[in-house]
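Following the hints, complete the assembly by docking chains B and C onto the known chain A.
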Amino acid sequence: MKRRARRGAATPRGAATLTLLATLAAACGIEERAPQVPGSTLRATVVDPDGDGTLERGPAERLVDRTDLAPRGRGATREVARLGQLTDSHVRDEESPARVPFLDRLGPPVTSTFRPQEAVSPQVLTAAVRSLNAERPQAVLVTGDLLDNAQRNELDQLLAVLAGGPVDPNSGGGGYRGVQAASNPDGSFYRPSVDAPRHRGVLNRAQEQFFSPGLRAPWYAALGNHDLLVQGELAPSPRTDAIATGDEALFTFAPELRGTLDDLPRSDEATPDLRDVPPEEIERLLERGVPGRETRVAPDAARRSVSARELVRRLRAAGTPAPPGDRLDYVADLGPRLRVVVLDTVNREGGAEGVLLPAQVRFLARALRRAGTQSVVVVDHHGLDRTRGGDAALRLLDADRRVVAELSGDTHRHAIRPRRTRAGGFWQITTASLADWPQQGRMVRLVEGPDGSRALETWTVDHAGGLDGQDLAGFGRRMAFLDAQGGRPQRFAGARRDRNARLWLPPRRP
Amino acid sequence: MTVVRARAVTKTFGTGRAARTVLRGADLDVAAGELVAVVGRSGSGKSTLLHVLAGLDRADSGTIEIAGGRVDGVRDAKLTALRARAIGFVFQFFHLVPELTGEENVLLPTRVGSPLTARGSANGSLRRAHELIDRLDLRDVARSLPHELSGGEQQRFAIARALVNDPPVVLADEPIGNLDPVSGAVVLSLLRGVADEGRAVAMVTHQPEAAAIADRVVRLEDGRLVG
Amino acid sequence: MRRGRTLLAAAIVFAAALVAGTALTAAVSLSGGFERAADRADLPDLIVRFDATARGDVERRLAALPNVETTRYRTEFNGVWLQGGGGRATNGAVHAVEPGRRGYAIARGRDLRGSGETVVEAGVAREWGLEPGDTLSIAGGRLRIVGVSISPDNVAYPLAKAPRVYVDRRDLGRIGDDVNLALAWLRDPARADVTLAQARAVSFGLDDLRFITRDGVRVLIGQAAGIVIALLVAFSLVAVTTAGIMLGASARSEVARRLPSIGVQRAVGFSRASVVREQAARGALLAAPAAAVGLAAGALAMRGAAERLLAALNEIGPGAGLLWWLAGAWLAIVALVAAASAWPAWSATREPIAALLRGGELAVGKRPRRWLRPRPTSPSPPHNAGNRRLSTVSRIVSALGGGGGGLGALGARLASARRVRWAATVAVLGAASATLVLLLALASLLVSLRDDPGTVGKTYALTANLPPSAVAEVERIPGVAKAAERTAVEASAAFSLGQPLRLVGFARGAEDFEAPPLAEGRRRRAADEAEVGVGLADALGLRPGSRLAVALPGGREGRFRVAGVVRALENDGRIAYVREDRLDALGASGNTVVAVRLERGADRAAVGRGLGALGARPSEAAAATTRNRGFLGVLATVLRIVAVTVALVCLVVLAQALVLTARERRPTLALLRTVGAGRASIARVLAGACAAVLVPAALLGVAVEVLVLGPAVASLAAGYAGLSLAPTAGHLALAAGALAALGAAAVAVVARRVEREAVVAGLREEA
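Chains as they are written, first to last, in our numbering: chain A, 1 to 510; chain B, 1 to 227; chain C, 1 to 767.
Just chain A, same shape as in the assembly (with noise of 0.2 Å):
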């Protein structure tokens, strides 16, 4: 232990506090705010180049040439068609009775029930926004898991994030009351001001409404499992809604709960689901009355689970064209250039698989028939190769030569696949989510050349997030960066191909 000797008065005391000050700012870890915010990954990217957790401002991904569906051409420059798409937004009310998140310390394959940034999800959303606003797209493609448990509030803050305006993200009584919460003793949950790196007053902040600028391009929407079903996997029923809007949650393990937790199947391949644990086992722990200890909670009866219906209905409202009904298939024409198709894979009955019925892949025949010139990109939640009945609608893709993508979310990981076919081959670009690290968006560019020749070219955009971490949604991704049980370690960011890539074409046939 060394001492400073004094030295005289004539030391100049401003200079010695300033550099105090600056060494203590240097010691806590602020990091200085990046002159950008984070955007377009064509500009700048977030890393982590030296691997201690923390993020900072990286270089520039330039986009990789994928030629393995046609070579590349010459000069691609006219934009065809210029689209946005954000996925998995798992917007979510963290408050709500109706939720499993003590499963989470269980590890596979129950490790997305509880996300330590789970409190800012309007708050990402709304800077994704932003960030996507300022590529200018075209057309924004909302791909699914919008919701996080088929709640109706859920709903409400989604659509004014979308659409513009005030957002209130908090529900029950004021201020936050959950499982991470300061007085929870189970040490499994990080609790923001307890926890390292420890953020007084995130969660109550993260509960104040707010407001969102809304996507100036339209948007469409498709529809995901965790849009219509509770924890993704079980049809609501009023007894689920019986939960949802009570005044009892259970957020604390409870000892029994341990042999009742035993017989969940486990697995060692981590999903960003409950993909692998019965329908049936989620009802159980929900309905059983889990042992274990119950808090007080305000009731709240926008806690209700959403129908399809009332759900189609609200975003038809919004701008999407979807036909009456409870279905989501429908078309939209972005000019005379480009098709969009979205297809509705979520299982009414409960499982978080994809699922496609004869009818729609009927009315997928149809949409291509009327198609003419334009370049067709089909849209789904799940993508089609894992969705059971899926193959049928492939096939219709394989055979036409206009199809150039299929974008869909679920996975939360980014992934590029060529899909060979006879007609020349399309592109299945899987984007991650806004929920798990590295909570991105992606913009699709439809270019072609005067030859000819054609690409997809594709970047990932990060939310407008703070790299410092000091506002929620920088604190969102700050905390899916270091979640142990998130994307990170799972590797959800994909390889630099998957990410910014210029997908070549096949020629368009004269």
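In case anyone wonders, no lab produced these hints; they're calculated from the structure.
Zero decoy hints are in this set.
Just the calculated beta-carbon pair ranges, DEER-fashion: (1) A:Asn204 x C:Glu98: 42 to 48 Å; (2) C:Ala761 x B:Thr2: 26 to 32 Å; (3) C:Gly269 x B:Glu209: 38 to 44 Å; (4) C:Ala139 x A:Asn204: 56 to 62 Å; (5) C:Ala281 x B:Glu221: 46 to 52 Å; (6) C:Ala281 x B:Glu131: 57 to 63 Å; (7) C:Ser347 x B:Arg216: 52 to 58 Å.
In silico EDC-like links for lysine to aspartate or glutamate, alpha-carbon gap of 20 Å or less: (8) B:Lys78 x C:Glu755; (9) B:Lys78 x B:Glu65; (10) B:Lys78 x C:Glu757.
From the three backbone atoms N, C-alpha and C, an ideal C-beta is built for every residue, glycine too.
Using the frame of chain A, we list chains B and C on its own:
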């Protein structure tokens, strides 16, 4: 009765070429009641003679006896006891302790050594001290510090100090060398009185008026005492 | 004479440098020992222990954590029979390691390479006399020792109870894939707490989990001896300061001594600057060799003891790095002496040259100071000897020398006439006496650390297995100050069911029976509050204000608010202190004993017999440090070295002060001898002078120790224990006796010197 007896005292300072022999077989006798003045050129070694007599310096050779006690070749402890008992010394520069009052300076010899060597009881010394102070007309300035006193007063205190233990021998080294004539005369008459009381007084001086009060004047020449 | 003075001045520099060398070696060696060892051994930033689990399972969890650079795994076997060299043990710890980063350093020999090899820990090698090449029996099998390691994640055997050896995993093929110890190195160790928070989130299913960060290891090692080391390091700072004061005072008085020659130089025409330069150069020339020798001597004297202390803690000495420190100290000493010579020379040359030639003091003239002068009074009755109206201070100073107007009083007045020099000497001696008193208090504290558990927050000395109803009877035993019920319940954390912990409850009003030092927060007050150990806080992520939920045997769950985090050693720190009636209300039953606090100075054996009469077998409460004789012996040596050094300092300073006084007052002393003062009388005068310096110095020293040094040093080590470094009456008596003895020695030496001189030499000076 001879109280001071010195025979063949020699003393040399320095070595080699710088050697200076100031006493070359000096002999001196002083009887009780006698005042002997030792005169000589300055630097001739008069003070050295007194120092050697009192044992303040060691002679190279010779014998010295003071009041029945040997001075040469004697251990320092016995020497100091002899001094306490038998010798009163008066210096040219008074040598009063600056931190002590005149009275305390006078009492200084009563404090040193063991009680056995001090003549009389402690109370006796105190009484004698006050008597001396009164006799020497120092009552008014007894509580003053030396730097507040005139030269004459300081020297009178020194004399009182020299006498407080009632020594049989008093040695005075240029006692009026630092005083004005008036004070000097007073001091000289005091010394005369001291001798008249029956003590043996040896005084070193280069001033003729000092020699005038002596019973006998000896001259230190070439290391020997003449006269 | 001149050579003697020069030697004396050099002796002072030597003594100061000796103190500085000793203190510097102690401080540099001990304070950085853990960091050096941890760096060299590549100590992991996070060590995790758990019940045996498949390696893949643990790897999956740890690999997902942020900021992790590397992970390695070991399997630790305890209770293994070991025999080798001159020693054996039945509680050996065998660590089966895998290739890659190891987390220990090889001190001798080499690391494991093939099969049939083992590496033993340095403490074991030392105690059992093992060297690379020897054979070690492990659980009946024989392995060849290829290396000796330093493992800074624990103290060395035998301070650590279990001897530790390393073997290659592949040698123990039958252990399969299970591991129970994980080592993690982080890219940014400063953000270990972020990694730890995520580790908690993925640790469900790992039983008996314990996290230790590198900082936590430092605390653990520190607990073993940190109190002592902290005290020694703090004490070294004090010693160095003392040395500095001494040097400054000594240099100053050296210049004072040389004033006449300075006067001559000035008279001859030297400029002020050249005079100052010469004095500074003289001081530096004098100091340079003396300081070098003193520093070297101090370093050598302390080095062995410091090395042994470090080895016991599995820490590493500074090696050649110490030389840089010593070189720096040498420069500092020389510079200090030069400066301390230059400055008074500078201020002295302001004086008129005549004053300098007279040998005039740095103070003007020979006038005694006002406060020493007796106030002139009106003529009083001449025979009333006692009626002296001396000023109060003069009276006190005289009293120091032995009352009245005696020789002692004269000596006291002579010493204090030069006020500045007197004050400087008093300051130096005061610092030295404060150091001496501190040393004595330290020594007692170290003894009590060994014997008295109070220093780790346990203020009870014995426990007896008696029912709670016996508390009143126990308190009636003579020698018992207070008794209280202590209940310990083995439970586990409610949400991390593999996380065991111990709840300890004391009855209300007896919270202070067991209060380990606070690391964070405050003591518990309300009924539902708890103090948790650091080990538990790390494992569960607890901070002041958090909630602790405990699953009690019997099925109920208890909830407590964490009021503070304490450094508890028991149960690896996985312990929580709560109110006993809360445990009762929760229906928790555990092991209940009666804790007995003894009165000060009570006879432990007698109380033990009293407890036995009630039907109990009393046992002693565990204390802070080990009873290991070797370890404590090293500490005692260290203290002794420093004590001798400080005593030497005192002696030299005292002698110097007396010599200077004698020299300056040569005329007065010569006069005294003229009027018949023999050796005894001169000694009385010098004793008075000595007392005038020693007594205020002693008082100052005690005051400084009690008010400043003791609390400062104690607060530095307060993280470890509740300490008091206030001296007892015994300490003060001992210190006073030591100082008196030193004073007497100084007086004797100087009186002899004075006496050997011819009287006339002193008389001549005034002429």
